[in-house]
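Peer 1: The listed protein sequences derive, respectively, from chains A and B. Residue numbers are given in my numbering: position 128 of the first sequence equals residue 128, and the series is strictly consecutive. For my numbering, count along the second sequence from 1 and bump the result up by 151.
Worth double-checking, as some hints may not be accurate.
[To be verified] Using 30 Å as the maximum straight-line C-alpha spacing, the simulated BS3-like pairs for lysine-lysine come out as follows:
1. 91(A) / 20(A)
2. 50(A) / 115(A)
3. 230(B) / 81(A)
4. 230(B) / 20(A)
5. 20(A) / 50(A)
6. 42(A) / 91(A)
Note that these hints are calculated values from the structure, not bench results. All values reported here derive from a predicted model rather than from experimental measurement.
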Amino acid sequence: MTEPLSGMFHGFDIIGSGLKAEQQRAEVVAANLANIASTGNKHHEPYRRKSVVFAEVLDQASSLHGIDGADQLAGGVRVAKVVEDRSQFPKFMEPGNPQADEDGWVWTSNVDVFKELVDMSAIERSHEANLAALRVYRGMLQATVTNIGRS
Amino acid sequence: MSGFELPGLRSWAGPGVPQMRVLGQGGPAPGLVGELRSLPAGAEGPSGADGPAATSAFGQSLDSALGQVAALQHDVSHKAEALAMGEPVELQDLMLSMGKSEVAFNLMIEVRNKLVDAWDKLSRAVV
């Protein structure tokens, strides 16, 4: 016999994993923007843009456990890894820069501020969606609990 | 309270989870009502100390559910305190714990109201 009440709150944990994943994604965007002015040269690379890869978390504790097809259902999400953007670094001819190589070339980070802006908006909306799911889920539980008193 | 005490809840105990029986289906319910009927008129109910009421499955699951609610509340206060102390507590984690604890507490209150209600009804029953 499982612990009482534990199955009731499984949705909270799924939503929590979503909120946490979005937070980590926002952290990566923040790191990209913070390092946007990083410079380097062909001997010493500047900051590479990072992005996250999500993976589903398979969870057997769901209330759907035992239902046909539900074992492929994700019980949440997690950040599987942080990958680097392999695109080329922009180069500038700037011999006066202390980071310039012997030919005068300076490399800057391959962070694109507009890409980050779009990512940031998507993260914000995803976060809001998770919070809306939380509101609804909690409202459903609370309405059920209140209904016990009325019935 | 002399002479009358509520019978123990042992007859509610099914295998594992307590099973609520619907009255009027499949003959007389062997639950609480059945036990009440079987009491001889004027007889004293089981005093509680000698009956297995204290260790019934229903009582146990109730006790364990109460423990769970208390654990959730303890979890919330622990996290809130840790956050206030500047320890690395995730904000959404605290929020979710508060949500869990609130719903669980409200559920506990409703169950308690039901139990008090049931006891009240039984205590006013004309034997």
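Peer 1: Taking 30 Å as the top limit, are the C-alpha atoms of residue 20(A) and residue 50(A) close enough?
Peer 2: Judged against 30 Å, a Cα distance of about 18 Å means the pair holds.
Peer 1: For the pair supplied as a hint, residue 42(A) and residue 91(A), is the alpha-carbon distance within the 30 Å limit?
Peer 2: holds, 10 Å
Peer 1: Verify the proposed pairing of residue 91(A) with residue 20(A), using a straight-line Cα cut of 30 Å.
Peer 2: Violated, at about 36 Å.
Peer 1: Tell me if the straight-line CA distance from residue 50(A) to residue 115(A) falls inside 30 Å.
Peer 2: Holds. Residue 50(A) to residue 115(A) sits at ~12 Å (cutoff 30 Å).
Peer 1: When you check the alpha-carbon spacing of residue 230(B) and residue 81(A), does it fall within 30 Å?
Peer 2: Within the cut-off at roughly 28 Å; holds.
Peer 1: If you draw a straight line from the CA of residue 230(B) to the CA of residue 20(A), is it 30 Å or shorter?
Peer 2: holds, 16 Å
Comparing the model with each earlier hint shows a violation of hint 1 alone; every other hint is respected.
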